[in-house]
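Chemist: Order-wise, the sequence lines are chains A and B. In this text, residue positions in the first sequence follow the working numbering: the first is 1, and each later residue adds one. In this text, residue positions in the second sequence follow the working numbering: the first is 667, and each later residue adds one.
Careful, some of the hints might be misleading.
[Unchecked claim] For lysine-lysine, the following BS3-like pairs were computed, each having C-alpha atoms within a straight-line distance of at most 30 angstroms:
#1 K977/B with K940/B
#2 K564/A with K713/B
#3 K815/B with K698/B
#4 K716/B with K698/B
#5 K564/A with K716/B
#6 K706/B with K716/B
#7 K977/B with K668/B
#8 K878/B with K815/B
#9 K564/A with K878/B
[What the hints assert, rightly or not] Take a look, some chain B residues computed to stay more than 10 angstroms from chain A by CB distance:
#10 F733
#11 E884
#12 T956
#13 G1046
#14 V1139
In case anyone wonders, no lab produced these hints; they're calculated from the structure. Note that beta-carbon positions come from the ideal geometry of N, C-alpha and C, so glycine has one too.
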Amino acid sequence: MFSSILVANRGEIARRVFHTCRALGITTVAVYSDPDAHALHAAEADLGVRLPGRSAAETYLRADLIIEAALAAGAEAVHPGYGFLSENAEFAQAVLDAGLGWIGPSPAAMSAMGSKVRSKELMAGAGVPVLGVVESPGEADLPLLIKASAGGGGRGMRVVERLADLPEQLAAARAEALAAFGDETVFCEPYLPTGRHVEVQVLADRHGTVWTVGERDCSVQRRHQKVIEETPAPTVGEPLRQRLYAAARQAAQAIGYEGAGTVEFLVGPDGRFFFLEMNTRLQVEHPVTEAVTGLDLVRLQLEIARGDRLPPSPPDPRGHAVEARLYAEDPAHDYRPHTGVLQAFDIPGIVSRFESGGAPRGLRLDSGVTAGDEIGVHYDPMLAKVVAWAPTRDEAVSALAGALSRARIHGVVTNLDQLVRVLRDPVFRSGGADTGFLATFPSAPADPDCVRLSAVAAALADAVGSRRTAVLGGLPNGWRNLPSMPRRRSFTTDDSTVDVHYRFSRDGVAVVDGPVVGTVSADRVELFRDRVRHAFAVARYDDATYVDSALGSVRLVPVDRFPKSGPAGPGGSLVAPMPGTVVRVAVAVGDTVAAGQPLLWLEAMKMQHQLPAPAAGVIAELRAKAGDQVEPGTVLVVLEQVGLEQVVLEQVADEHVVREREQETA
Amino acid sequence: MKSTVDAGSREFAENREAMLAKLAELDAEHAKALAGGGPKYVDRHRKRGKLLARERIELLLDEDAPFLELSPLAAYGSDYPVGASVVTGIGVVSDTECVIIANDPTVRGGASNPWTLRKTLRALEIARQNRLPVLNLVESGGADLQNQKEIFIPGGQVFRDLTRLSAAGVPTVAIVFGNSTAGGAYIPGMSDHVVMIEQRSQVFLAGPPLVKMATGEEADEEELGGARMHARVSGLADHYARDEIEAVGLGRRIVRSLRWKKQGPTPGPVTPPKLAEEELLGIVPPDLRTPFDPREVIARVVDGSEFDEFKPEYGGSLVTGWATVHGFPVGILANARGVLFSAESQKATQFIQLANQSRTPLIFLHNTTGYMVGTEYEQGGIIKHGAMMINAVSNSTVPHISVLMGASYGAGHYGMCGRAYEPRFLFAWPSAKSAVMGGAQLAGVLSLVNRQAAAATGRPFDEDADAVVRAMVENQIEAESLPMVLSGMLYDDGVIDPRDTRTVLGLCLSVVICEKAAGPYGVFRM
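Same shape as in the complex, but just chain A (with noise of 0.2 angstroms):
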């Protein structure tokens, strides 16, 4: 076995590697971005070698920098991971001519399947079904999906409903694909907008033995970004299902595959299906394929890569697993990523990490963060996978929207509430889930009752929790003698204010026309809806509460009192008006200008006032020229406010006395 690995890439499966790497006694080699530089990847590797530069192009996609990284620190073969250079045949040539092992399937494999032109013309000849390269689009052709040749993920990948905007789409595509994979080069195929994503996993060594582990269904996709994946794959009967083997086993040995890869299939509602494409690569969503089978696959890998049978045949799969990626963006906003400190990470019930064990039944997290760290703009928002599995189907998903829907994720707006909601949707519980499922699901109605009743529960927490000091701390929070008004906090949400007024009495705290209040405590909160008791968890941060129940998670901005001002009304206070001479004048009448602009510089005792606009405006006046002498109280400049009456400007000398006057008159 090798002594080191070196793990080309970052977040989730990096750590994926290193456990499978620990485990087996192989040194481990990060390689880390400069906002990488403290990531779990790069914290818990046995050596790390820096890439400068934040952008994956400067850093995760310079195959030169990785390779000299892999030998400084003595790494004896190079694991890709997915994305990044994944499906780079130059670079898997380059660490196989550095002297490196190279985890993956040959350059040779690599190149024709990572042309996905060249890679459909090599499965029809194969005796594949595939959808067709459109060389010159036309009406009849529509719709269409443009795909990065090098691509996967999602990027470079653009739907055209109109042949109008097919020229924009295929510009946005390329510059996206060249960002992305190095490689611009993209193409247009039929879309079948309601077929299912069907993908085979194959493992094969160099002697001969082409394994089929098992298919996933993997059609819950947003923007050709798989969201919800499982095993297996709920419409496929057996017969389908040796078919697709058949179909991804002649791929494989079409190319003389070595390692693991996936077959992808587009399979359309009447059972015909097509090759879209291979990856030549490990999947992000190889979880669920290990889930019900057991395996190990990148034990596998490594084991293959250094020259080890298979034995003949894979394990049966047993039982059923799901697997749910949740990323830092914004479903009720097209998907916009979000990026923050993630301030708390929490998902219940796990109970294995980067590994599925042989228990019939679990969850298990795959994660490349965790609280307190910043998620930025650099890399892809995906922050981790969930899988459950169990022995059905009904069993893992509701198993894994139970654990999402406790989650308590904080500081970074993400896609759980989409999950939880797919996973509990009739139509995706009974199958009928196809890639056009997620496009029009509907987001979520912000319910109200829930916005309202975590307001209530923040305010009714801070009320209790607000006072730790020592002045009169010990005294019942908001006792009054004569109790006269109601006490108000309010709260921002993304698209309201909820104001929540409570009062406190010898019974406790009460809300004006509000639930019934149970228990109150600075973190926990109960409330009665309809004689219901339900919980609210209340966390705070430096610029939001989180409030989590079995109603939901709501960030809530809490409002405050005395809002903060701008600059201070007109003329500020209390300025010592002087005599002096004008100096300089910077403005003219109808010049707009800025709050504390210079306006005009006034001499007196030898230096030199500058005198700024007390708010931004419009000079409607100007009283005085360079050389006038003004006596205190003389108005110099009138400043018309932008929306306010007219303001005079008088001799306004702050802080601002500079001193290089001085210089010319000495």
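With the hints as your guide, set chain B onto chain A.
Modeler: Coordinates of chain B only, in the frame set by chain A:
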């Protein structure tokens, strides 16, 4: 402490019912103070975009901090509205205990009447005695001119007190929300820190009409005393706010920047009483001739219901002992069976001296009918012993707090640190009564004197007329002894719900423990 109170007993239920009835009457009077000038003036005030006095206070206070409103019944029983057009109290602003004085402009424009003055002076006295920074939320049309003779001459004390506070190193802040004219102008004038509000504050010695009268000048209000003028020309305003909310925020910032160091010891850990405060409603019998055990009260007020009794076997009509309330060590003197004998007087004297030795604040729980009378007791030196106790109380230098639970009659009121003995705070329960003696006794004494006078002059004594007079006198005295009447006259700092006793004491103890520290003079306003 063990309790023998049976909360399920009929007696308890009757006591409770009587107390709740009195609390309902009290609430009705408090509601008058809270209503300010009534819906019409409150609405008018709001329509001007202004906050009410209590809203200003609520905004000024730290969120969810406690606030003890003082003298809420001031002017009760007088011709002036209950509350006396000003709100005063103690609360926490920027983690600092402060005295807050806020004019209620919905009541006759916030104009001062004699009770406004007394209530304000009492608040300033509390600030001075306990070294609490003062925040004046000013909006007042000045003195009620028709009653100027009752206000003008004594009213000067407000400004003297403000600057003497400053001289004593106690900061003073004025936030001017509206009018602050004539004498009122000296409130910002005498304060260390002044906030004014754009287009709202108007501070001048004389408004345009008076200026016209005095000099013939046609003065413009804003030029004469507007916020901008004071912020930029006269220098009377240190801070210029655009609206009330910003002004209150500035007030909070000023207090924060005082970096006020609270003097005195920090309290120890706080444990609630083991017995329910709620049961305080059922302890005092409606008829004060029925005695009750003050230990039942103490057990529901002090930390952990723990009370170390001093001399329990001696002078049993007065309970004395040590406890902590909200973590503050205290000595407690509480009347048990009404009457103070020589032994009780001597016990009290010794206990007060001990408290002074250990610098422990004292709490007096009143339920006394006075010192024992009669030949035996006079011969036994009851005057000497009573004098001893009054001497000890008068010259004790630890802070005192009095709570009138029931009767507080005769010299007993003095010995137990009545108002004239300057306790730092004095509160009454709705069940309290205070007078030179009970109404029946006083009427009886008058009747006896009349009867003797009739006998001496040989006139026939009219029994029927006597009965009428006795009833009238008794009713008058009973009415005058009621806590709301006494509170209206500022003879206490408020009538409190018995269940709030522990909280009120905790708050007051926190402020009375501040030892003195002084500077050479007050800040001169430039």
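Chemist: Next step is simple, just say for each hint if it's right about the structure.
Modeler: Comparing the hints with the structure gives:
1. Only pairs whose Cα atoms come within 30 angstroms are accepted, and K977/B paired with K940/B is accepted, the gap being roughly 24 angstroms.
2. Between K564/A and K713/B the CA atoms are separated by roughly 24 angstroms; this keeps the pair inside 30 angstroms, and the hint holds.
3. Taken as a hint, the K815/B and K698/B pair is honoured in the structure, with Cα atoms around 27 angstroms apart against an allowance of 30 angstroms.
4. With a C-alpha separation of about 20 angstroms, the suggested pair K716/B and K698/B falls inside the 30 angstroms cut-off, and the hint holds.
5. The hinted pair formed by K564/A and K716/B meets the criterion: a straight-line CA distance of about 20 angstroms does not exceed 30 angstroms.
6. Taking the CA atoms of K706/B and K716/B, the gap is near 14 angstroms; set against the 30 angstroms cutoff, the hint holds.
7. Our distance criterion of 30 angstroms between C-alpha atoms is met by K977/B and K668/B, whose separation comes to about 18 angstroms.
8. The straight-line distance between the Cα atoms of K878/B and K815/B is roughly 24 angstroms, inside the 30 angstroms bound, and the hint therefore holds.
9. Annotation: proposed proximity of K564/A to K878/B is violated, straight-line Cα distance about 42 angstroms (limit 30 angstroms).
10. Distance to chain A contradicts F733/B as a non-interface residue, since its nearest Cβ pair spans about 6 angstroms, not more than 10 angstroms.
11. Under the 10 angstroms C-beta cut-off, the non-interface status given to E884/B relative to chain A holds; the minimum distance is some 20 angstroms.
12. Every Cβ of chain A is farther than 10 angstroms from the Cβ of T956/B; the closest lies at roughly 26 angstroms, confirming the non-interface assignment.
13. With a closest Cβ-Cβ approach of about 43 angstroms to chain A, G1046/B is found to remain outside the 10 angstroms limit, as its non-interface label requires.
14. The beta carbon of V1139/B sits about 34 angstroms from the closest Cβ of chain A, which is more than 10 angstroms, so the claim that it is off the interface holds.
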